[in-house]
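Residue numbers (the numbering used here), protein chains in the order written: chain A, 15 to 286; chain B, 78 to 543.
Worth flagging that the hints you see were computed from the coordinates, not collected in a lab. For glycine and all other residues, C-beta sits at the position ideal for the given N, C-alpha and C. Careful, some of the hints might be misleading.
Unchecked claim - Stretches of chain B that chain A covers, calculated by requiring three or more beta carbons in the stretch to come under 8 Å of a beta carbon on chain A:
| id | region |
| --- | --- |
| 1 | 488-502 |
| 2 | 506-512 |
Claimed, not checked - Simulated restraints, written as ranges between beta carbons of each label pair:
| id | chain 1 | residue 1 | chain 2 | residue 2 | range |
| --- | --- | --- | --- | --- | --- |
| 3 | A | Asp89 | B | Asp491 | 18 to 26 Å |
| 4 | B | Asp182 | A | Asn204 | 33 to 41 Å |
| 5 | B | Gly400 | A | Thr79 | 35 to 43 Å |
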Amino acid sequence: MTDHQALAADLVVDGLSVAVDGKEILRGVDLTVPAGEVHALMGPNGSGKSTLAYTLSGHPKYAVTGGTATFGGDDLLALPADARARLGLFLCFQYPTAIPGVTTVNFMRAALRAQGKEMPAREFIRRLNEEMAALRIDESFRARYINDGFSGGEKKRAEILQMAMLRPRLSILDETDSGLDVDALRTVANGVTRLAGPDMSVLVITHYPRILEYLKPDRVHILNQGRVILSGGPELATQIEREGYEPIIGPVAAEAGASRTSLTGVVAEAQA
Amino acid sequence: MTVQAHELSKDYEYGFHDVDISVFRTEKGLSPEVVAAISDHKSEPAWMLKFRLKAYEHYVKRPMPTWGADLSGIDFDDIYYYVKPAGEQSRSWDDVPESIKNTFDRLGIPEAERKFLAGVSAQYDSEVVYHNIREDLEKLGVIFCDCDTGLRDHPEIFRKYFGTVIPPNDNKFAALNSAVWSGGSFVYVPAGVKVEVPLQAYFRINSDNMGQFERTLIIAEEGSSVHYIEGCTAPNYSSDSLHSAVVELIAHKGAKIRYTTIQNWSDNVYNLVTKRAIAHENATVEWVDGNLGSKVTMKYPAIYLMGEGAHGEVLSAAFAGPGQHQDAGAKCIHVAAHTTSNIVSRSISKGTGRTSYRGHIKVYPKAHDVRINVRCDALLLDEESQSDTYPYMDVNSPDVTVGHEASVSKVGEDQIFYLTSRGIDEQEATALIVNGFFEPFVKELPMEYAVELNRLLALSMEGSVG
Ligand SMILES: Nc1ncnc2c1ncn2[C@@H]1O[C@H](COP(=O)(O)OP(=O)(O)O)[C@@H](O)[C@H]1O
Ligand SMILES: [Mg+2]
């Protein structure tokens, strides 16, 4: 890709605070992903990683209460989700949504058209087939309804397929690795590394350093309780693999974070 | 008379109307004299006049149905029951009066005929102004004409079946239709003949305060098959029109009839239609019924499974926009053993639109080894949209397998977000979800109609998200 739009751009998040249903989840996130770099965002369960991903992508449920986020200098927060996607943002969903009755082919064509990246039918099918083969997605998925009845792994591959077709300038991968076996993980990671570079920056959200062995992040950020509390080089991921989050965020917070799902109420109270 | 056209609503592109070119119309309102005038104008045999007058009596006697949609807005005295347009019926579009031809041109009918239809019939107000059938089919003995022609030119077959599936006293609107019927289609397929491409009838109301009462009778002899498609539109007038058809299908042993409707009435039309089929031994009848538009629709295509091994399908899709009520459903009556039926209903309500599903399943005591499957799903687009379900089952045989599933859902914020996160705007995202919801229906349509239906849906969706 040679046109200017295709080149990756800087993502700059500054003091971003976000509330969901009146509850503050992000409390001043600072994060910069320079054009063309791969950054990892790690942190315990419930620390706000998905919230950040959704907010940057423009989910209407996430209310920004402070701070800014720009992409290539454009104010992301002023735009609806579809306009952000047209700027080149792509979110690989942690839990992709099923759209019954809408086939992968029709969906991809609609998305490409919406982004001004329409191509002749023949070329479209050729490229779709190529990308599907690279991701080891069965041909039958062309006519299947998007995410409808897909297994966890199939959903993740389908997300990467969309990314490969849409060629975004910034991909946010929200736990794309979770639930994948070793082979699937390698396939998916290859799908990302193939595109990552000057044309596409990546923000990869993960729990597990394993995917990072493939993606080789330039920087690693640790999110805890709605803030980036530490940033470092790739060695930070290795450290977390060895020692867990505890040495970084303290024992209580690590516990609370890890068991967030079952203790949500209690923790929320404790934090209030 | 001058016709006052309502300003075209922007999402109903067929809302245009032509100048009034009727050459004969009965006075407003209904009486035995009006019924007789219609029969006389058509130079019908005495038995038909008698049939009509008897039906008129039933019509007067029967109360208005109050169990379904609100029909209180119909002013029966303010309706023209018969309006004959200019010109004689023709087999060539060139002979159809210019303004009528323009109407059908705008609806794409002659073009569709050239491309993929085996025969076309076009009804304008009360009369069929054009009909044609491919010569090869005609040579095989296939009859495709309007019902008036059927009565005149094929009296034996016609009289043998007419009014046997839906007798005049069946319900108030069947009685009304039986009294004042005009036009519609008469289709006869001889034994063993398979009509591979569809026959299409097109119904257009042009006059305001008009009642259109077409009558359709389709007979498929043993081992034959036919696919009949009807499409309907009308202009937007400030006053209401009434469309009340009767459709009778007879599928003999091993025959197959598929009857597809794409109704797209303007939202001033009361659409009250009785459709019923008889399926004999090993016969298959399929109603594929798409209801867009109209002010009120009440329509419950029925299949009487009379012979062993008969199979029935009712596949319907309804879209109710603001102020509209689509009260639709299906009826499958299992009289014989080893019969199966499958009912799939999908409905969407937008704004103050309301959809109702009314199902009636009956299994007779002697009908063993019967399988029935019912699935109805409703999608609500707004907070104020409504959907309700009235399934009714009367199963008197122990050897019956029934599957029944129903769901009501809303277009999810997460679905919209997922699609918009790929660059698709909210309006198109909603349209995609809506189209996807209708997909099980749309995929049963010939490609040209599938494209058209999706386009119409997109139009009805315009401005629905804010
Ligand atoms: N849609 C939502 N509604 C209510 N609470 C939410 C919602 N999304 C996230 N949260 C809450 O926000 C916090 C952060 O969640 P999330 O961003 O999903 O964390 P992570 O992705 O890091 O596991 C959690 O306490 C979670 O319960
Ligand atoms: Mg998450």
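Comparing the hints with the structure gives:
1. Residues of the region 488-502 of chain B with a Cβ under 8 Å from some Cβ of chain A number 13, which satisfies the need for three, so the listed coverage holds.
2. Coverage of a stretch by a chain is defined here by at least three residues with a beta carbon nearer than 8 Å to that chain's beta carbons; for the region 506-512 of chain B and chain A the count is 4, and the condition holds.
3. The beta-carbon spacing between aspartate 89 (chain A) and aspartate 491 (chain B), approximately 25 Å, falls within the hinted interval of 18 to 26 Å.
4. Between aspartate 182 (chain B) and asparagine 204 (chain A) the CB atoms are about 56 Å apart, so this pair departs from the stated range of 33 to 41 Å.
5. The hinted window of 35 to 43 Å between glycine 400 (chain B) and threonine 79 (chain A) holds, with their beta carbons roughly 40 Å apart.
Hint 4 from the list above is the single one not met by this structure.
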